[in-house]
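*Asks:* Residues per chain are reported as follows:
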Amino acid sequence: MNLIREIWQSIVRRDPLSTDKGKSELVFLNVWLHIHPAKVKKENLRFRYTFYLGFITFFLFMILVTTGIALMCYYRPFPPQAYQDMKDLQFVVFMGPFLRSMHRWAAHAMVVCVFLHMCRVFYSGSYKKPRQFNWVIGVLLLLLTLGLSFTGYLLPWDQLAYWAITVGTNIGSYAPLVGGQVRELLLGGHTVGEAALIRFYVLHVAVLPSLMILLTVVHFWRIRKDGGLSRPTWRLKPSRPEALVTIGAPPETAPLKTVPASKDKTYGLMEVVTGKPIFETITPEEEEDAVFSYPYAFFREAIALMVTVTGIMAISLFFHAPLEALANPAKTPNPAKAPWYFLGLQELVSHSALLGGVVAPALMVLALLAIPYFDRNPSRRPSDRKWAIWLFTIFVVVNLVLIVIGTFFRGPGWAFVPPWVHVVAGAE
Amino acid sequence: MVALGSGVAVSLGAVVRFLVPSVFYEPPQTFKIGNPADFPFGPPTFLADEKIFVFRDREKGFAVASAVCTHLGCTVGYFQSDQRFHCPCHGSVFAANGAVQHGPAPKALNWFEVTMTRDGQLRVDKDKVVPSNYRLMV
Amino acid sequence: MGRRLPQIFFALSMLALALIVAAVWQASTPSWKNYQHSFLQLEAQEEPNAVTKAAVLATPPQIHQTLLPGLQRVDRCTTCHLGVDDPTMKNAPEPFRYHAGLGPHIPSKFGCTICHGGQGLATDKDDAHGKVQFWDTPLLSKDYIRASCGRCHKEGDVPGVPELTEGRRLFETQGCRGCHKLNGVGGSIGPDLTEEGASHRSPDWLERHFLAPNVVSAGSAMPNFHFDREQARALTYYMLSLTNEEMGSYYSSVRLIPSPEYGRQLFVAKDCIVCHAIGGTGAKAGPDLLGVTKRHSPEWLDEQLVNPQLVYPGSSMPEYDLETNARKALVAFMSSATAQDAQNILAHRGNALTPADVAIEAGKRDFARFGCAGCHGTELQGGVPNPNAQGGQVPSLLHVSDDYTKDEVIEIIRNGKVPPLDKASGPTPPLYMPSWKHLLSDEDIHQLVDFLWSKQEKAKDAW
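Protein chains in written order, with this note's numbering: chain C, -4 to 423; chain F, 90 to 227; chain S, 497 to 959.
Since the hints were made in silico from the structure, they are not lab data. Possibly wrong hints are sitting among the right ones.
Result set (PhoX-like, lysine-lysine): computed pairs, CA atoms no more than 20 Å apart in a straight line [unchecked claim]: (1) Lys37/C with Lys326/C; (2) Lys121/F with Lys605/S; (3) Lys605/S with Lys140/F.
One-sided excerpt, in silico: chain F residues whose CB lies under 10 Å from chain C [said to hold, decoys possible]: (4) Val104; (5) Arg106; (6) Leu108; (7) Ser111.
Every residue gets a Cβ at the ideal spot worked out from N, C-alpha and C, and that includes glycine.
All chains should be built: construct the whole structure from the sequences, respecting the hints.
*Replies:* Structure below.
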């Protein structure tokens, strides 16, 4: 009836989605969706361009937050009860094993995807001007992801958790001057104990997720303000090269062109100010390369969400996250291994504490942060960037090899034992 | 549409079921209180931990009443002199069958189901409230 | 591009839905529900009344849990083992069978895992029985369940478990303390056994180890004591009982169950035989104590021990300052004491001992108590292998007076001694003489040396 329509229209005030105006309003009249542009460039939608890795990482984070909050209903962060609660989740909580497994596999997947996303952004050169700072925020998000994974690793309070964090915090203590103190601050004591557990819990459920969300918001915002995702400009139709985007500020103030009003476009009255625009300017001809976010972008995103969710659910149905014996400070497993994403570091540390534990990781992080400012080549075209691509690939491969060695080739006493000789428990 | 609706329903159902605890870290609601021979006739036996009165009548058998006042939860006392329950907190008075006679209590005292187990013990189930004339004949 | 996207999305949503349903189904069909269903069928069979039969079959499935904060555990075994307290299930198939013979150890107060082992928190069969990776205390086999009695019952003889008494006796007499500490007393050559029961070594391993230490624990210096199967089992029982875990007072109070043996020791220590007889054997100053617990209540006897004058004013029985447990133990001893016991007590008192004899007796007691026999032998014969020590073995003590003065031996006992090497380049011998000055007073050490000297054999003539 009319009342129902009136109630509906008081909530949903846009035009119907069959109209262009409606499609635009869906985006910018909606608080959740208006981070998107009303229209996106066609090239940005291609799967092979981004593999949707950024979205997948974000959806994994949302899965982690949801399952994490559910798990919080049954988990107490105190040493005797924590392990018991993990057992309760395994045996008496409805869908306990499923939710816990989803949380664990999504966490591993997120570390992998955030790394792959970084690789994609590098290989597409999308960290170059004007997107340098967004790359920096991305590196910070990577560090936050590792931090969340590390703090969460301790919470089950089993042998794996306890010793992985003991090894991990010991690696961190090699940092000069502040290493020991930061370790004690993190642990709330000299060894991993109840103080460490509650601190890691607070970091894991409150501090780090808040920082993650804040930085993610900035990360998405900057994509818009940087002019959207980068595009392989050298591949676009060569017929109108001068109509393509100008990167950065034009040498002189761009002349304002008059454009006939379109009935499909909405106009807002904005202040006209003098000065150079810092982001990409769009010329009207380009609008032909753009398609409405609804439905072209949104359905792709929704599919990426579905693939992520169903993938994690399917894995969780068949493979339940393991739980080892109760943490026992008196009984060190041999070998004691850090979480898998730190095994590369542990391998380096086994050769030299200072070089491996401090210098190498610090240099890696600094190098990553410096990439956009160090790389003076303004071109994103692969053929112009052979050096950069090679260097980065070597960096990735070295890291992978180190992690593989640490996982499969190191046995008791950190001796080099190939996996086909001796059964080595791989780190989780 | 149907699929979406059923999907939402199943998910909501699962969420609610997840939040309902399957086990309780509390004293159990059903428990054994001992053999019938352990309970005398006449004045009821008060079990402090379980907060119940166990009545045993020669003709009619066993009955178990809650000792928790229905007003605000204080523990009532039974006085043989006037055969009534008195609550010390705000003066509620309940008759021998648990009905409210006086005071701010809004409803009568609960009577709980008591049954016989196969090893000859009495079992009380606090989750099952029975009428005040319920008796277990032994 | 237009049509396909919504279709793919729709298909994936259906897949997600299917997976959610699968997850809900997986969570709703745990194995314990099947067991409960079977049990209800069993119960309903015996129910003649159709109404109650229907009610029984309609019982909703539920996890049953026994909260045991005093034992620091939660047991969920009764989720499947539904007939443990139901005598009508005597002949039911497992897991529904009735558990007879529990006595005071009712499941609601004790749970199951404190005696049987296993993982009480679990609700499926393999996990609950502890036969999975990462659970160190699987179900004890039938042969060893009674060893768990010793976890609470630490004093005296445990009825029905003679292995524990025998195990304890063997431990004290075979000299185990010479190398192993127990409750702070003993040597440091082998591991501390105070919490051996909590180390989660399997009973099988323990028993094999007692039979052949070197084979089971490679490189161990522990000599082979040539125990037979029964002795090894008794010792295994004793080891399994050494858990020393935290328990609520309701449970740990049974650690103080009065034992007649303890009472006997007190009877001897306080020299009651000086005034009392048992069954005619002994002194006549006080009443004969045979069957005294049949004539008087335990409370009366307890009062008598606390305040003899109250019951018999003018009595010459002194007031002994005994604590509650000691008094209970004495009463326990008197309930079973016979004339034979009095005979043994008198025999051991023997004639008045000279101070020298007293010292030798004390030294002999310490020799056994502190485990010297473990390395030097119960007859002081030595002979335990000690690779690369001069002589290749732990020395006999029967000729120690030939090579050392008393003071030198006192020094060795106080400060210990590392045996001289046979081959200087070879490995360090695994066994050595520990330093005892922290555990034994000077007087104790003197008495030990007196005992040693009393055992010296004359040196064989050189020719």
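*Asks:* Take the hints in turn and mark each one as holding or not.
*Replies:* Hints versus structure:
Note on lysine 37/C and lysine 326/C: the hinted pairing is violated, with a Cα-Cα distance of about 58 Å set against a maximum of 20 Å. For the suggested pair lysine 121/F and lysine 605/S, the alpha carbons sit about 11 Å apart, so the restraint of at most 20 Å is met. Our distance criterion of 20 Å between C-alpha atoms is met by lysine 605/S and lysine 140/F, whose separation comes to about 19 Å. Interface hint status for valine 104/F: upheld, as the beta-carbon distance to the closest one in chain C is roughly 8 Å, under 10 Å.
For arginine 106/F, the suggested interface contact is upheld, since its CB lies about 5 Å from the closest CB of chain C, less than 10 Å. A hinted interface residue such as leucine 108/F counts as satisfied when its beta carbon comes closer than 10 Å to some beta carbon of chain C; here the least separation is about 6 Å, so the hint holds. Of the supplied interface hints, the one on serine 111/F holds, with its beta-carbon coming within about 5 Å of a beta-carbon of chain C, less than 10 Å.
The structure does not agree with numbered hint 1 stated previously, though it agrees with all others.
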